[in-house]
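Enquirer: Hey, can you work out the whole structure from these sequences and the hints?
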Amino acid sequence: MIAALRRLIPGLALLLLAGAAPAMAHESAISVGLDANESPPYWSESLPYGGMGGEIVQAVSEEAGLVSHIHFKPLQRMIEDDTNNDLGNPGFYTRNQVFADIIPIIAYRSSIFYYAPHHKGPVTIHGVEGLKKYRIGILSGTLAERSFFDKAGVVFEESYSQDSLFKKLRLGRIDLCIEIDLVGHRIISRLFPDQRNQFVSMNLPGSASVIAILLAEGYPQAGKIGTKYREGLQRIIANGKYRKILEKYYGEGRVPANWRKDLQRFERIYDFSAKRAYQ
Amino acid sequence: MMPRLNIRPKLIISLLFIVSSFLLLFEAFDYIETKRTLNSDLEELAELKITRMAEELEIPLWEVDDDWVNQDIDTEMMDKQLYAIAVSGAGGLSAARMRDSRWRSVAVGSGASSHQTGNLISRQKDVLRNGEKIGSVQISLSKKFMQERLRKEFLGGVVALGLLIFLIISFLSIALNRMVIRPVLKVLGITQRVARGDYGHDVGIRRTDEIGRLADGIADMQRSIQQRARERDRAESELIEKSLALEKANAELDRHRGNLEAEVKQRTGELEAANRKLKELDQLKSMFIASMSHELRTPLNSIIGFTGITLQGLSGELNDTQRDQLQRVEKAGKHLLSLVNDVIDISKVEAGRIDVFPAEFALRDVIDEALGDIQPLAAQKQLSLKVDVPEEGITLFTDRQRLLQCILNLLSNAVKFTEKGGIALSVREFGDAIDIAVGDTGIGIAKADLPKLFEAFERLESHLRIKAGGTGLGLYLTRRICTTLLHGKISVKSAQGKGSVFTLRIPKRLKKSDAQG
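Protein chains in written order, with the numbering used here: chain A, 1 to 279; chain B, 1 to 517.
Everything labelled a hint here was simulated from the structure, so no lab data went into it.
Even for Gly, the Cβ is constructed at its ideal location relative to N, Cα and C.
Just so you know, not all the hints are guaranteed correct.
What the hints assert, rightly or not - Sample of chain A residues at the chain B side, in silico, Cβ under 10 angstroms:
#1 Gln76
#2 Ser159
#3 Asp163
#4 Leu171
Said to hold, decoys possible - Pairwise CB distance ranges (calculated):
#5 A/Gly141 <-> B/Arg129: 15 to 23 angstroms
#6 A/Asn96 <-> B/Leu48: 38 to 46 angstroms
#7 A/Gly141 <-> B/Asp30: 54 to 62 angstroms
#8 B/Asp100 <-> A/Pro122: 50 to 58 angstroms
#9 B/Asp100 <-> A/Arg265: 42 to 50 angstroms
#10 A/His118 <-> B/Arg102: 42 to 50 angstroms
#11 B/Gln71 <-> A/Glu80: 22 to 30 angstroms
#12 B/Asp100 <-> A/Gly65: 34 to 42 angstroms
#13 B/Asp100 <-> A/Gly141: 50 to 58 angstroms
#14 A/Gly130 <-> B/Thr75: 40 to 48 angstroms
#15 B/Gln71 <-> A/Phe148: 30 to 38 angstroms
Expert: This is how it looks when you write it as structure tokens:
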């Protein structure tokens, strides 16, 4: 099942993207332009500091002595532009663009949500076969390999908005829905503040994914800027700013326990300096 | 109607009325039909929209996607004909739009009511998902644009109608002017010229229609008048010549008139003198006859009287011869006396010296009296005497004595000229007059003699008349009394050898003015 659900992850990893712009040549305060796509609560122009990702980027920049400017753009433009710096899941951008550095800043997981009053007891799923008896809602476009599930006889009902998934869940039109854990909880809190305890979520094993700062190849001082972002990230983790930001969005006491471990795993994956040294 | 207008405005107004009425009817029909069609189209559109929206909203309502629903509604509301849309679905989904006063689409609560109910076409439909109701949609289409379009089309129609009427009337006016008015005015001009005596202008209209025929008629009339004018001129010339000749003749006549008048005056004077002399002679004659008759009657009365005394034997016994001779004397005397009396009466009548004495009396009495006198004579000749008088009494107001005299004359004549058969007297009323007829079966009168029957001293030739004797004054006197004194008339019907019928017709009542004869 885990292997199967992993095929979902790239799609569910929503559109946490960013771009970059030429930086100023000032040593003490290098200015960096980054493109992001509207995908709350990680990136949103309507949220303070541009959402959770925006707050982390600003905190990292502050610690690193950088000035980061986040520009919100449509996802497709970000993908097609192969010269910009992006903020988001590297999986979306690395297919079309070569980056000088990728700095993971947030690790996240996807979860299966259900509305408890519609079920006789706690839902347990064992393998793909276990999904066949449920009507499962997912966000349209996030199912990367649909044919796999079709062959397995699992039927997904796609929705065009995340709110729809949870409203349908509430009305019993679907039995389960899959959403990024943080996104799902925030939607439930917003739509059904009085019933949020009725919604149950189960982390998808192996669904961890990452949001990173992606610096375009050829971007001036990309290597140096990358290093500074990494240093700044380590500092805010160390001084507790990072966790405070997570608690602000997850809620106090709701921050996933393995967030640090997951982030470190992605830091190792995208440690370009190590790759360069290896090469 | 429109008596003071010329033909052209009359015709144009009439045509305008007809064309306008027809086109207005057409426009009204078109307006009603367009309205019906637009309304039907709007109903159809409402049906299509509600069906399509119910289909379109299936997924958004299934997805409970407010934004999607709102986007769909906003998209639909881009159609200005849509006045309101309300969508409701499960999970408290509710979205509605309605037009404000500036016809902008504004979000409202789903329960918002429209104040344009009368101008809306509303439809409601359930939204189904796999046969299960998941929501509903309600739309209201406004008739506003339909009405605006209708108004525009109507105004356009009215303008087009006005233009069309103007064009038609203009065309008809021009055509009328060319085809009728102008030729008629031309003909009128010609008739006015003709009236002024100017015959030299040609009408100049060569057409075969009514106007052409009118022009031909006018031309014929023009020629005819011209011809008559020539004839009149010629007649006038002749008249003048004759007048001159007449004047000449009059002058000649005037010269002779003085002599003629003098001659006429002289002749008139002579005639008047002769007339006066004749009157004097006539009066002298009448006076002579009256005097003579009077002078004759006196000795006659003595002769008759003494003859009667002698015949009665008062002067001694008479032998038969003497008696016979004296009887002849007495008879001749009486006849002479009768003759003298008739002459006196005629003289008086002709001289106008006889008076009429009208009085009320019963006709029957007069007739009985006459019959009493005539009965012995009739009996002597063995003649029958029939009387036919109406049983109801007839009262007359006239001169009794003169009437009796007339009846006696007629009866006497009848007895005189009848040898066998009888006498019949009959009376008939005819309104204000009566007819007294005396008929006989006597010798009758020849047709040629009838005109002179009532003339004086006329005695018709016959052996019976000779035998009967008489002076020929009886019928003359009767006629004069009847016509002059009684204001009646006398007539006769007779057939020779068969008899005669004499009829007196007199008025029942004489007028007072007639009393003096």
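Enquirer: Each hint: holds or not?
Expert: Going down the list of hints, with the structure as the test:
1. Gln76: Nearest chain B Cβ about 20 angstroms off; hint violated.
2. Ser159: holds, 5 angstroms
3. Asp163: Holds, about 7 angstroms.
4. Leu171: Holds, because the Cβ-Cβ distance from A/Leu171 to chain B comes to roughly 5 angstroms (cut-off 10 angstroms).
5. A/Gly141 <-> B/Arg129: 15 to 23 angstroms: Distance hint for A/Gly141, B/Arg129 holds at roughly 22 angstroms.
6. A/Asn96 <-> B/Leu48: 38 to 46 angstroms: Roughly 45 angstroms apart at Cβ, these two residues keep to the hinted range, so it holds.
7. A/Gly141 <-> B/Asp30: 54 to 62 angstroms: holds, 55 angstroms
8. B/Asp100 <-> A/Pro122: 50 to 58 angstroms: Cβ of B/Asp100 to Cβ of A/Pro122: about 52 angstroms, so the range 50 to 58 angstroms holds.
9. B/Asp100 <-> A/Arg265: 42 to 50 angstroms: Violated, since B/Asp100 and A/Arg265 (Cβ atoms, about 58 angstroms apart) do not stay within the stated range.
10. A/His118 <-> B/Arg102: 42 to 50 angstroms: holds, 47 angstroms
11. B/Gln71 <-> A/Glu80: 22 to 30 angstroms: holds, 26 angstroms
12. B/Asp100 <-> A/Gly65: 34 to 42 angstroms: Given about 55 angstroms between the Cβ atoms, the range is violated.
13. B/Asp100 <-> A/Gly141: 50 to 58 angstroms: Cβ of B/Asp100 to Cβ of A/Gly141: about 38 angstroms, so the range 50 to 58 angstroms is violated.
14. A/Gly130 <-> B/Thr75: 40 to 48 angstroms: Between A/Gly130 and B/Thr75, where Cβ atoms are some 41 angstroms apart, the hint holds.
15. B/Gln71 <-> A/Phe148: 30 to 38 angstroms: At 33 angstroms between Cβs, range holds.
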